[in-house]
Amino acid sequence: MRFGLRRRIPLAWCLLTRQPGRLMVALAGICFAGMLMFLQLGFRDALFDASIAIHRLFNADVVLISSTSSSSVSMEPFPKRRLFQAASRPEVESISPVRWSLLVWKNPETGSPRAILAVGFDPDDDIVNLEGLAEQKKSLQLDQRVLYDRLSRPEFGPVEDWFKSGRTVTAEVRNVRVQVDGLVELGVSFGADGNLLTSNRTFNRLLGSADGSSNSIELGLIRLAPGADPETVATALKNTLPNDVQVLTKQEFLAFEQDYWRSSTSIGFIFNLGAAMGLVVGAVVVYQILFSDVVDHLPEYATLKAMGYSSMDLVTVILQESLLLAGFGYIPAFLAGKGIYGFTRSATNLPIGMSNQMAVFVFSMIFIMCVISGLLAMGKLRDADPAEIF
Amino acid sequence: MVLLSGPSGCGKTTLLTLIGALRTVQDGSVKVVGEQLLKARKSVQRRVRRQMGIIFQTHNLLRCLTAAQNVQMGADLVPGLSFRQRRQRSIDLLAEMGLKDHHGKLPSALSGGQCQRVAIARALAGNPRVLLADEPTAALDRRTGREVVELLKRMVTHHHCAVLMVTHDPRILDVADRLLQMEDGRLTTTQVIPQAV
Chain A
5 MRFGLRRRIP LAWCLLTRQP GRLMVALAGI CFAGMLMFLQ LGFRDALFDA SIAIHRLFNA
65 DVVLISSTSS SSVSMEPFPK RRLFQAASRP EVESISPVRW SLLVWKNPET GSPRAILAVG
125 FDPDDDIVNL EGLAEQKKSL QLDQRVLYDR LSRPEFGPVE DWFKSGRTVT AEVRNVRVQV
185 DGLVELGVSF GADGNLLTSN RTFNRLLGSA DGSSNSIELG LIRLAPGADP ETVATALKNT
245 LPNDVQVLTK QEFLAFEQDY WRSSTSIGFI FNLGAAMGLV VGAVVVYQIL FSDVVDHLPE
305 YATLKAMGYS SMDLVTVILQ ESLLLAGFGY IPAFLAGKGI YGFTRSATNL PIGMSNQMAV
365 FVFSMIFIMC VISGLLAMGK LRDADPAEIF
Chain B
54 MVLLSGPSGC GKTTLLTLIG ALRTVQDGSV KVVGEQLLKA RKSVQRRVRR QMGIIFQTHN
114 LLRCLTAAQN VQMGADLVPG LSFRQRRQRS IDLLAEMGLK DHHGKLPSAL SGGQCQRVAI
174 ARALAGNPRV LLADEPTAAL DRRTGREVVE LLKRMVTHHH CAVLMVTHDP RILDVADRLL
234 QMEDGRLTTT QVIPQAV
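Those protein sequence lines, which keep their order, are chains A and B. Going by the numbering used here, 371 is the number at position 367 of the first sequence; the sequence numbering is gapless. Going by the numbering used here, 80 is the number at position 27 of the second sequence; the sequence numbering is gapless.
Warning: the hint list may mix true and false statements.
[Claimed, not checked] One side only, chain B facing chain A, incomplete, derived with CB under 10 Å:
| hint | residue |
| --- | --- |
| 1 | Cys63 |
| 2 | Ala74 |
| 3 | Lys95 |
| 4 | Arg102 |
| 5 | Thr119 |
| 6 | Leu130 |
| 7 | Pro132 |
| 8 | Arg231 |
[To be verified] To be clear about the criterion: a stretch of chain A counts as covered by chain B if any three or more of its residues have a C-beta under 8 Å from a C-beta of chain B, and this derived list gives those stretches:
| hint | stretch |
| --- | --- |
| 9 | 50-58 |
| 10 | 100-106 |
Note that these hints are calculated values from the structure, not bench results. Beta carbons are placed, not taken as given, at the ideal position from N, Cα and C, and that holds for glycine.
Generate the whole structure from the sequences, applying the supplied hints.
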């Protein structure tokens, strides 16, 4: 194109800005589409992210779980002996047996029951990298003591408020009375509306063991000596341990949990569908705006053709319009998305936030949406026939 | 300046669109500014269009552009001029058309006669060799129409540009150097007027 690179009248810009009403409608449509995408995809990522909030905190290189466990909500016990067998390998530095199950917690205020995720561990071990845990876990040496996740849903009772006001908070877990001796911060997920940490001994008591001992665990954490490769050790363990356990590296353990929610539930599908709906609505609005723009200016476009402008020149104008719309529609959508995330974070304790990846993804989606709408609207340009304007 | 008149439906406008390369010539031969338009390719058509200025019954200005920007849409097709030069040229042309103080206005803020004058400036901005005009006064009242035509005449003389104007309007026939009559698709009489206005 001979004239392609010359500076010219910014026709696309003028077309948009001198019809402010129409521009506003278009921007509102794009903004809505962007917001919906941020919302849906944000929730999706946050929920997947939340599902491994605790998993991520575990201080482990290799993890043993029962071969029948399929996710954090259905952790099956396996013989504790397997963990000791694994400990006999020279690369293993230390091990921690962990108990893990959903147990019924009675709201101390109303008495209504609700399943809470209870994690039992040896208070001498450093199994979770959690702020404030090192000081508080000493109290778990005593029986019937628990640490309560202050991010648990309010349905579990006003535990945090009571605790902070100095009251002794006791609640029934599986009809055994326990005392809250501290607060930690873990966060809720699909599977668990609340969490509590306790010692293995208390955990076993909750399950009915009179002396607090048990030969079963749900999770075996293995820490390796510096320099040992988790992959290699995991492979070696797989080959030596009986097949009633699965051996996973920590990364595999995180992926194991996320894959469950991704593939065994329709959560991902539902949120993706919601985001796609936003995209479709946005595309329709942008198409409608660009289409009526072309129709309204048909004689003028035909005049431009009669003056010697090529069809390509006009196509370029429409494309520029759609790109400008994408750019200007994205800004409010981005801000609204940030606002929604902030609001959601404070309302639900979900780890939701604007990641760069998300910002870029939604922008590219809006960009593609606008380009496609522009391309569709261009079909009408063919009707701009310079011979018909006389 | 050539005026073409005749009863409606006799093919005046069709002839104009053929000369302006706005229609594809199917049969016969049309030669304009040295180009054969018979079954001409789009690029040839575009080249011819760029050497023509066109004025319509209605001004067909872009509503979202100011008067000067509209004229510059014509000037933008001229190769070799910088943006600033093209802009200056547009403003100068508007001044010549007596619209010195109106170049920043949108078409909606201008009267019909002023819009038509902007349209003439736009048609001239591309340095055309021929100006095609299709009843440029049809939408204007008598006095404004007269003014526009006289201005057009002055401008094309100054810019050395030929004009072919289709018109029904008997009141403006006297500006012609040559009068053509058309009937049923054929030119019937041609009349050379010895001296212009």
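So, going through the hints one by one against the coordinates:
no.	hint	result
1	Cys63	violated, 14 Å
2	Ala74	holds, 9 Å
3	Lys95	holds, 8 Å
4	Arg102	holds, 4 Å
5	Thr119	holds, 9 Å
6	Leu130	holds, 5 Å
7	Pro132	holds, 7 Å
8	Arg231	violated, 22 Å
9	50-58	violated (count 0)
10	100-106	violated (count 0)
Going through the hint list in order, the structure does not satisfy hints 1, 8, 9 and 10.
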